[in-house]
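Take these sequences, add in the hints, and give me the full structure.
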Amino acid sequence: MCDKPVLYYFNGRGRMESVRWLLTAAKVQFDEVLLTTRDQYLKLLDSGDLMFQQVPMVEIDGMKLVQTRAILNYIAEKYSLQGKDLKDRAMVKMYSEGVMDLNEMIMMLPWIPDPKAKLEEIEKKANERYLPVFEKALTGPVFLVGGKLSCADVYLLECTLMLEEKFAGILADFPNLKSFQGRMLQNDAIKEFVKPGSQRKPQPDDVYVKTVLEIFNMKT
Amino acid sequence: MSEKPVLYYFNARGRMETIRWLLTVAEVDFDEVFLTSRDQYLKLLENGDLLFQQVPMVEIDGMKLVQTRAILNYIAEKYNLHGKDLKDRAMIDMYSEGLMDLTQMIRLLSWLSDPKDQLEEIEKKAKERYLPVFEKALTGAVYLVGGKFSCADVYLLECTLMLEESFVGILKDFGNLKSFQGRMLQIPAVNRFLLPGSKRKLPFDQKSLALAKQVFNMKS
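Quick note, the sequences are listed as chains A and B, same order. According to the working numbering, the first sequence is numbered sequentially starting from 1. According to the working numbering, the second sequence is numbered sequentially starting from 1.
The hints are simulated quantities; they were obtained by calculation from the structure and are not laboratory data. Please note that a few of the clues may not be correct.
Unchecked claim - As a list, the in silico DSBU-like pairs of lysine-lysine whose alpha-carbon atoms are at most 35 Å apart:
hint, chain 1, residue 1, chain 2, residue 2
1, B, K78, A, K116
2, A, K148, B, K78
3, B, K213, A, K116
4, B, K201, A, K178
5, A, K191, B, K125
6, A, K118, B, K213
7, A, K4, B, K125
8, A, K124, B, K201
9, A, K148, B, K64
10, A, K125, B, K199
11, A, K210, B, K124
12, B, K219, A, K136
13, A, K84, B, K78
14, B, K64, A, K178
15, B, K116, A, K124
16, A, K64, A, K43
17, A, K64, B, K136
18, A, K84, B, K199
19, B, K125, A, K78
20, A, K136, A, K43
What the hints assert, rightly or not - Examples of chain A residues toward chain B, derived with CB under 8 Å:
hint, residue
21, L65
22, R69
23, A70
24, Y74
25, K78
26, M94
27, V207
To be verified - For each label pair, taking beta carbons as the anchor points, the in silico distance ranges come out as:
hint, chain 1, residue 1, chain 2, residue 2, range
28, A, G169, B, Q53, 21 to 29 Å
29, A, L86, B, K172, 35 to 43 Å
30, A, D49, B, P115, 29 to 37 Å
31, B, V142, A, G62, 19 to 27 Å
32, A, A189, B, L202, 48 to 56 Å
C-beta: ideal position from N, C-alpha, C; glycine also.
So this is what it looks like as structure tokens:
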């Protein structure tokens, strides 16, 4: 009998959210240990469970995996979400890394004192650099690569939803993306995940930022 | 007959250097096209050769791969430098990602007008967070993972050499790492790569940075 993976992170999206999305799309149930105090974090550090002293960390299949991409790669390969051969895997990786660059920009927003300029930059890059690529890739195909659901589709869905939270209607000029989103949201597990009360985390707020700063003993 | 991969980047280390290392160790000959003007870059854009308008880009096996990790993963998998099974790959990815975090910190030094604080931060993190992990992993082991040469070993070698450039003697307290380095330097392809006149590059300097800013039309 397999144990459920256990996710160790703060009570917020951050770098763990893509992992939550991918496990959900793979229909893998998971538990979470949410870090809320510095003491709890220090105990975790002392236990030697964090290879590079960092979270995210995921206990899975007897391992304590750290480094977001290592975790995502493991899940994607284990549940056949990374492409059927070497060349498909190259496309999946290229698309995934592009989406992750954009997600990273959005992730950094709560940590910027005056985010207005950054928001403009994100909207510009999304509209000019990233969304057109995926719009084109989805002209005709149902999924991004090889006619098969891959982790790239999951990261793209996550990204488009986060973009719409900041820029309502940003997909107005990207109908293939809008249709793609609609199709992905039909998936049973994903449908449950986007409902209130799921393990999906809300947008970061002041409480989240304050908690993380306290945990790392950093000044505001 | 296979054509040689072609690397598109500046005549400097940057994000392409790790790719140069990996191809070298895999004993794959490659050609390079150096970016030298904004016009040249705009032509590449117009041709649609840069999926996200960025370099590194590597033409390989009929594809124009972008995104450093997508390129590295493709090479590692193609030349069997990626671990024998899923669990070994998880270890390789963890080690690789940790090393990439550290290498990225060192790379960013070139962009700083006053690197003193960042240098101290890098030395501290190297000695406290990263090097001890690899020192431990190499206790009684010839390679980092599964008794088999992998891309993680290549990234570790590259990283330790870069660290020694900034912090002479930093490996003094890390006997296993020093031995590991010694073993790796015995590999003929590695040996050749470290000789003058090889394809190994220098870090970005004032001149190449100015060129990069001009090519991408960035404000100084």
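Here is what the structure says about each hint:
{"no.": "1", "hint": "K78/B <-> K116/A", "in the structure": "violated, 44 Å"}
{"no.": "2", "hint": "K148/A <-> K78/B", "in the structure": "holds, 22 Å"}
{"no.": "3", "hint": "K213/B <-> K116/A", "in the structure": "holds, 24 Å"}
{"no.": "4", "hint": "K201/B <-> K178/A", "in the structure": "violated, 44 Å"}
{"no.": "5", "hint": "K191/A <-> K125/B", "in the structure": "violated, 42 Å"}
{"no.": "6", "hint": "K118/A <-> K213/B", "in the structure": "holds, 20 Å"}
{"no.": "7", "hint": "K4/A <-> K125/B", "in the structure": "holds, 33 Å"}
{"no.": "8", "hint": "K124/A <-> K201/B", "in the structure": "holds, 33 Å"}
{"no.": "9", "hint": "K148/A <-> K64/B", "in the structure": "holds, 22 Å"}
{"no.": "10", "hint": "K125/A <-> K199/B", "in the structure": "holds, 33 Å"}
{"no.": "11", "hint": "K210/A <-> K124/B", "in the structure": "holds, 26 Å"}
{"no.": "12", "hint": "K219/B <-> K136/A", "in the structure": "holds, 31 Å"}
{"no.": "13", "hint": "K84/A <-> K78/B", "in the structure": "holds, 14 Å"}
{"no.": "14", "hint": "K64/B <-> K178/A", "in the structure": "holds, 27 Å"}
{"no.": "15", "hint": "K116/B <-> K124/A", "in the structure": "holds, 34 Å"}
{"no.": "16", "hint": "K64/A <-> K43/A", "in the structure": "holds, 15 Å"}
{"no.": "17", "hint": "K64/A <-> K136/B", "in the structure": "holds, 16 Å"}
{"no.": "18", "hint": "K84/A <-> K199/B", "in the structure": "holds, 34 Å"}
{"no.": "19", "hint": "K125/B <-> K78/A", "in the structure": "holds, 32 Å"}
{"no.": "20", "hint": "K136/A <-> K43/A", "in the structure": "violated, 48 Å"}
{"no.": "21", "hint": "L65", "in the structure": "holds, 6 Å"}
{"no.": "22", "hint": "R69", "in the structure": "holds, 5 Å"}
{"no.": "23", "hint": "A70", "in the structure": "holds, 4 Å"}
{"no.": "24", "hint": "Y74", "in the structure": "holds, 5 Å"}
{"no.": "25", "hint": "K78", "in the structure": "holds, 6 Å"}
{"no.": "26", "hint": "M94", "in the structure": "holds, 4 Å"}
{"no.": "27", "hint": "V207", "in the structure": "violated, 28 Å"}
{"no.": "28", "hint": "G169/A <-> Q53/B: 21 to 29 Å", "in the structure": "holds, 24 Å"}
{"no.": "29", "hint": "L86/A <-> K172/B: 35 to 43 Å", "in the structure": "holds, 41 Å"}
{"no.": "30", "hint": "D49/A <-> P115/B: 29 to 37 Å", "in the structure": "holds, 33 Å"}
{"no.": "31", "hint": "V142/B <-> G62/A: 19 to 27 Å", "in the structure": "holds, 24 Å"}
{"no.": "32", "hint": "A189/A <-> L202/B: 48 to 56 Å", "in the structure": "holds, 50 Å"}
Going through the hint list in order, the structure does not satisfy hints 1, 4, 5, 20 and 27.
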